[in-house]
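Q: Below, each chain spelled out in residue letters.
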Amino acid sequence: MSIEEKVENYKKTLELFPNDQEKYQYLIEQAKESSEFPKELRQDSFKVHGCQSQVWLVPEQKEEKLHFLSDSDALISKGLVTLIASIYSDETAEEIASSEIDLMEEFDLGVILSPARRNGAYSMLKTIKEYAKNLIN
Amino acid sequence: MKSFEDIKSDFPIFKREVNGKPLTYLDSGATSQKPQIVLDKMNEIYTVSNANVHRGTYVLSAETTHAYEGVRNKCKDFINAYESDEIIFAKGSTEGFNFLANSISKKFMEPGDEILVTEIEHHANIIPWQMVAQENDLEVKYIKVNEDFTLNLDDLSEKLNSKTKVVSIVGESNLSGLLPDINEITTMVREKSDSLLIIDGAQLVPHRKIDVQALGIDFLVFSGHKMLGPTGIGVVWGRKELLEKMDPVYGGGDMIEEVYYDKATWAPVPHKFEAGTPPYVEAIGLGSAIDYLTELDMENVQNHSDELREYGKTIFDDIDKVNVIHSSAEKAGCTFGMYVDNVHATDLSLMLDTHGVAVRSGHHCVQPFHRKLGIDATIRATAYIYNDKNDLDVFKNALIESIKMLS
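Top line first, the protein sequences correspond to chains L and G. Take the first sequence: its position 71, counting from 1, is numbered 71 in our numbering, and each next residue is one higher. Take the second sequence: its position 143, counting from 1, is numbered 143 in our numbering, and each next residue is one higher.
One thing to keep in mind: the hints can contain errors.
[To be verified] Here are the simulated lysine-lysine pairs, DSS-like style, with alpha carbons at most 25 Å apart:
#1 107/G to 15/G
#2 12/L to 133/L
#3 313/G to 240/G
#4 8/G to 372/G
#5 32/L to 321/G
#6 163/G to 209/G
#7 47/L to 15/G
#8 396/G to 15/G
#9 2/G to 209/G
#10 62/L to 47/L
#11 32/L to 404/G
#12 39/L to 372/G
In short, the hints are calculated from the structure, not lab data. All values derive from a computational prediction rather than experimental measurement.
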């Protein structure tokens with residue numbers, strides 16, 4: 001599935017929830033169901049800066065594709081980073097770096113995706129793109 | 001005193017809903033809401049008499065200048081300063097501290113001198129001192145906080161010496177509500193040093209009756225937006241004899257007496273500290289906020305805060321998993337910093353928002369203190385004159401429900 005298709009799927013899912021509370025609950029479920037994150041990877045070098053809670057993103061290369069492990073000490077943030085990591089996982093660095101889709105625009109996620117540039121979701125996206133760009137270079 | 005319902009109805013923001021629920025605003029520690037008279041006053045200035053202050057010899061400018069300078073007098077009465085010239089307008093407390101740190105360090109300090117602040121200071125009362133300390137080879141020392149969140153005055157006493165040139169202390173903690181005993185601190189500082197004594201009034205001045213003469217301090221800093229006024233305006237009060245010795249930090253228009261190509265002389269206090277066009281509309285808005293608080297009477301404002309704090313203590317202390325950062329002191333500000341076992345503060349504030357409850361989450365600009373407590377982030381509920389017991393009940397119930405969802 002392409003990045004765009006994954007975004008479209010999540011968008012449809014999120015639209016099913018009538019209010020922020022249910023959307024947050026969905027993110028909490030995503031967090032609880034996400035694959036386990038090895039505690040030893042909770043290192044400063046994998047920390048996403050600019051989040052109110054602590055968020056970690058670890059890139060792994062599997063053949064040609066990138067895969068992202070993610071974690072957070074806050075549940076809703078963990079749900080959000082799980083969702084973002086799954087969108088960009090199993091894609092090539094080129095596909096990730098060149099993707100111009102604006103998640104902040106696409107997803108209606110209440111205050112956590114406010115269009116401010118200084119928010120956590122923006123930092124998560126920036127981190128993923130930087131990993132991809134560094135790999136290309 | 002006005003009834004609570006009348007007070008709340010003076011604040012137009014409470015007519016709105018958030019996420020389909022009535023707004024329960026418990027983040028006045030970050031900024032307060034504004035009564036209609038403040039909004040009307042600022043609108044009136046822009047609509048009817050806007051003109052730059054101190055500049056024009058025409059009616060509009062005379063009116064704004066008169067209104068602007070009149071606010072100095074209102075501030076003087078509000079904190080019982082000796083005279084209105086001691087009131088310096090700044091953007092807010094943060095700019096006030098930056099000004100004080102820069103001006104004081106140049107005038108009254110030498111390399112090796114020491115600055116004493118406490119472990120629970122807001123970053124605004126830490127960073128400016130760290131910056132001037134690095135520049136001028138000064139040392140910033142921290143007065144310890146006891147396990148019950150009170151200040152360790154023995155530690156203060158031990159750290160005071162002939163090198164101490166500045167003691168700068170929070171008047172009301174923005175996390176625990178602690179109200180340090182300023183009189184006791186003043187006595188100690190005067191006995192053991194010739195240090196200047198600064199009080200951070202950002203949380204204190206909005207909530208309690210302050211008398212700088214009775215406190216015997218040298219400087220007080222506070223922000224307009226936390227006391228019903230607009231953003232962009234704050235006050236530095238200082239003793240006139242000190243202000244007269246100090247040099248300006250910002251240069252520009254309006255702060256000069258004579259300007260030549262190679263030198264300039266300064267206007268008298270307070271104008272030498274106010275370079276450029278001041279935020280005069282904001283200052284006039286602050287004047288209306290002071291009028292509003294004065295009419296309520298700060299004694300009543302203080303009693304309301306004390307009553308709500310007492311009530312909050314009784315209802316928050318017995319919630320499962322919730323830890324409230326109280327000082328053991330009998331009196332404190334109506335501020336409830338709390339953390340919940342195994343639940344992140346950010347998750348909580350997002351969930352509370354869905355109930356229409358606005359509280360702050362994060363480190364509230366007191367990162368070192370959070371680090372000392374070994375916690376990353378807290379949520380903080382702060383109440384003001386437009387909050388009542390019902391708001392605290394709504395918060396409590398939303399908190400219990402949110403914890404359930406997040407556990």
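Q: Indicate, hint by hint, whether the structure satisfies it.
A: Structure-based check of all given hints:
no., hint, result
1, 107/G to 15/G, "violated, 50 Å"
2, 12/L to 133/L, "violated, 29 Å"
3, 313/G to 240/G, "violated, 41 Å"
4, 8/G to 372/G, "violated, 38 Å"
5, 32/L to 321/G, "holds, 20 Å"
6, 163/G to 209/G, "violated, 32 Å"
7, 47/L to 15/G, "violated, 41 Å"
8, 396/G to 15/G, "holds, 22 Å"
9, 2/G to 209/G, "holds, 18 Å"
10, 62/L to 47/L, "holds, 21 Å"
11, 32/L to 404/G, "holds, 15 Å"
12, 39/L to 372/G, "holds, 23 Å"
In summary, the structure is inconsistent with hints 1, 2, 3, 4, 6, 7 from the numbered list given earlier, while agreeing with the others.
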